[in-house]
Amino acid sequence: MIGYKNRQRLLLCRHYLLTAIVLFIVGFPLYWMVITSLKPPGEIFDVPPKLFPAHPTLNNYKELFLLTDFARFFFNSFKVSIGTTIIALSAATLGAYSLTRFKYRGREIFGRSILLSYMFPGALMVIPLVVLLSKIHLTNSHLGLSLAYTTFSLPFSLWVLKGFFSGIPIELEEAAMIDGSSRLGAFFDVVLPQALPGIIATGIFTFIWAWNEYLFALILISDESLKTLPPGIMGFIDATNVNWGLIMAASVLITLPMAIFFMFIQKQLVTGIGAGGVKG
Amino acid sequence: MILPSFILFIGLLLYPLGYGIYISFFSKHLLSRDLTFIGLENYIWLFKNPDFWQALWHSILWAGSTVSLQIILGTAVALLLHQSYKGRSIARGLVLFPYMIPIVSVVLIWMLMYSALYGVINHLLLKLGLIDLPIAWLSSAKSAMASVVLVGLWKFFPFVVITILARLQIIPLDLYEAAKIDGATTWDQFWDITLPQLRDILFIVVLLRTIWMFNNFDVIFLLTGGGPLRATMTLPVMVYEQAFETYMMGRGSTVAVLMFVLLIIIMTIYFKAFKQQEAL
Numbered sequence: 253m254i255g256y257k258n259r260q261r262l263l264l265c266r267h268y269l270l271t272a273i274v275l276f277i278v279g280f281p282l283y284w285m286v287i288t289s290l291k292p293p294g295e296i297f298d299v300p301p302k303l304f305p306a307h308p309t310l311n312n313y314k315e316l317f318l319l320t321d322f323a324r325f326f327f328n329s330f331k332v333s334i335g336t337t338i339i340a341l342s343a344a345t346l347g348a349y350s351l352t353r354f355k356y357r358g359r360e361i362f363g364r365s366i367l368l369s370y371m372f373p374g375a376l377m378v379i380p381l382v383v384l385l386s387k388i389h390l391t392n393s394h395l396g397l398s399l400a401y402t403t404f405s406l407p408f409s410l411w412v413l414k415g416f417f418s419g420i421p422i423e424l425e426e427a428a429m430i431d432g433s434s435r436l437g438a439f440f441d442v443v444l445p446q447a448l449p450g451i452i453a454t455g456i457f458t459f460i461w462a463w464n465e466y467l468f469a470l471i472l473i474s475d476e477s478l479k480t481l482p483p484g485i486m487g488f489i490d491a492t493n494v495n496w497g498l499i500m501a502a503s504v505l506i507t508l509p510m511a512i513f514f515m516f517i518q519k520q521l522v523t524g525i526g527a528g529g530v531k532g
Numbered sequence: 066m067i068l069p070s071f072i073l074f075i076g077l078l079l080y081p082l083g084y085g086i087y088i089s090f091f092s093k094h095l096l097s098r099d100l101t102f103i104g105l106e107n108y109i110w111l112f113k114n115p116d117f118w119q120a121l122w123h124s125i126l127w128a129g130s131t132v133s134l135q136i137i138l139g140t141a142v143a144l145l146l147h148q149s150y151k152g153r154s155i156a157r158g159l160v161l162f163p164y165m166i167p168i169v170s171v172v173l174i175w176m177l178m179y180s181a182l183y184g185v186i187n188h189l190l191l192k193l194g195l196i197d198l199p200i201a202w203l204s205s206a207k208s209a210m211a212s213v214v215l216v217g218l219w220k221f222f223p224f225v226v227i228t229i230l231a232r233l234q235i236i237p238l239d240l241y242e243a244a245k246i247d248g249a250t251t252w253d254q255f256w257d258i259t260l261p262q263l264r265d266i267l268f269i270v271v272l273l274r275t276i277w278m279f280n281n282f283d284v285i286f287l288l289t290g291g292g293p294l295r296a297t298m299t300l301p302v303m304v305y306e307q308a309f310e311t312y313m314m315g316r317g318s319t320v321a322v323l324m325f326v327l328l329i330i331i332m333t334i335y336f337k338a339f340k341q342q343e344a345l
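Order-wise, the sequence lines are chains D and G. Its first residue numbered 253, the first sequence is counted upward by one per residue in our numbering. Its first residue numbered 66, the second sequence is counted upward by one per residue in our numbering.
These aren't lab readings, by the way, just hints derived from the structure by calculation. Beta carbons are placed, not taken as given, at the ideal position from N, Cα and C, and that holds for glycine. Each hint should be verified, as a subset may be incorrect.
[Stated by the list, open to error] Cβ-to-Cβ under 10 Å is the rule here; a few derived chain D residues that face chain G:
1) Glu315
2) Phe317
3) Leu318
4) Gly347
5) Met500
[To be verified] Derived EDC-like pairs: lysine to aspartate or glutamate, alpha-carbon spacing no greater than 20 Å straight-line:
6) G:Lys192 <-> D:Asp298
7) G:Lys207 <-> G:Glu310
8) D:Lys331 <-> D:Asp321
9) D:Lys302 <-> D:Asp321
10) D:Lys387 <-> G:Asp116
11) D:Lys331 <-> D:Glu423
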């Protein structure tokens with residue numbers, strides 16, 4: 253018979269062993285990305301592949317900025333993601349507040365169609381959007397791409413923010429209004445500060461989603477100088493001679509902003525994903 | 066206040082959706098403005114086309130296998146990370162990484178690792194003696210589907226981990242205390258307490274993941290482009306092929322509309338089956 257203490261210790265060992273396996277599965281591909289980006293060209297094609305670079309170098313990163321359009325793609329991606337976030341948040345903050353505070357016809361149906369729009373295949377939306385946006389000359393435009401992203405980001409933001417707003421007690425605004433503030437005044441002074449953490453989290457999710465998006469960006473932007481990162485980086489691979497070191501350096505840099513955001517919002521992440529957010 | 070959201074919703078979601086369905090009854094070239102009404106011809110062409118039925122089968126295979134594997138792995142990892150031991154919060158954070166990083170990075174990392182000539186996966190399997198010759202994972206018809214499924218599993222299982230983990234944390238502990246007093250084993254506790262408590266969240270997670278995997282375009286498109294020889298051609302990739310490679314916007318829309326209809330049918334059956342189960 254094993255003692256209670258020993259059994260606990262055995263159990264703990266098993267937890268650590270299993271966790272190590274899980275982290276290896278999750279972490280190895282990421283490790284491989286970073287390590288390849290630090291290898292000089294000769295070492296990448298080594299057989300057998302080396303787990304550590306013999307002569308680590310930052311040359312791939314240097315080449316990325318000097319020889320490719322990476323910096324421009326990065327700037328474009330940033331611009332589109334910010335634009336998407338602003339459009340979605342400004343419309344959804346007002347919309348979600350209205351959905352939780354006022355009663356009017358069609359409110360329930362609108363609420364339900366928001367959820368239903370999660371089912372819309374991107375592939376179904378992209379064809380009509382291309383046709384419609386080209387009619388109003390918004391293809392090859394960052395504004396057009398941001399608007400196309402609203403098809404996802406708006407329902408998502410509305411849904412998550414609705415949850416946040418309904419958690420704020422209505423008595424707070426009523427008290428402010430009794431004290432003589434207007435409805436709009438109460439919204440800006442009382443409700444908005446309360447909802448700020450939720451709005452920031454929603455904004456970060458929207459940003460990340462727009463940053464990662466590939467299909468719409470591929471189809472709506474054909475002008476090389478306007479391309480965003482995902483189609484831009486995939487373009488590096490078209491060449492007959494694939495420069496993996498360069499490509500992995502680009503992958504590291506496109507992932508980096510996500511990793512940084514991620515550390516900030518790890519807690520909200522649970523709330524956001526729990527609320528049915530973060531489509532993917 | 067709801068107005069901005071409402072206008073964007075109509076303009077960017079409902080109107081394009083309707084327009085997409087509308088052009089599925091027309092013949093339209095990507096670059097021309099002409100719309101020719103052809104009734105059900107696109108649908109008839111599609112139903113007679115073996116490529117469509119093959120893509121449908123691949124979609125079901127892809128969604129079915131990735132979702133079930135994600136659920137199994139995700140739930141197992143969530144149960145592990147729910148145990149109390151030092152370092153689990155770091156592990157919880159790290160596990161989410163594949164879900165947050167851009168799809169383009171994920172695809173590029175796996176392409177490099179799958180490579181037949183210098184890929185680390187082949188090297189590892191050769192060393193362990195599991196295979197005699199390197200395998201071209203993504204470009205051989207036999208292994209391509211399994212290879213993309215593995216990437217779909219790796220990228221998206223963290224979603225299951227985080228949602229299940231959030232639910233595990235609110236299961237009342239006294240349920241387990243009571244069971245222990247009654248002499249229930251760990252296994253009994255899992256079947257009689259944990260699993261029933263997780264039922265509702267599992268229902269939603271399976272729903273969302275099925276919708277999203279079924280609609281997923283970029284993992285397969287970027288890894289194999291639907292090849293080799295259509296071995297990984299799913300419906301979303303076929304939409305792209307029809308609309309943006311052969312420029313038949315009408316036919317592309319038809320595939321997308323059928324996808325959407327199919328999704329609605331699957332979801333209706335799913336809801337019905339679940340409700341019936343509840344009645345028992």
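Violating hint indices (sorted, rising): Going through the list in order, the structure violates hints 1, 2, 3, 7, 9, 10, 11 and respects the others.
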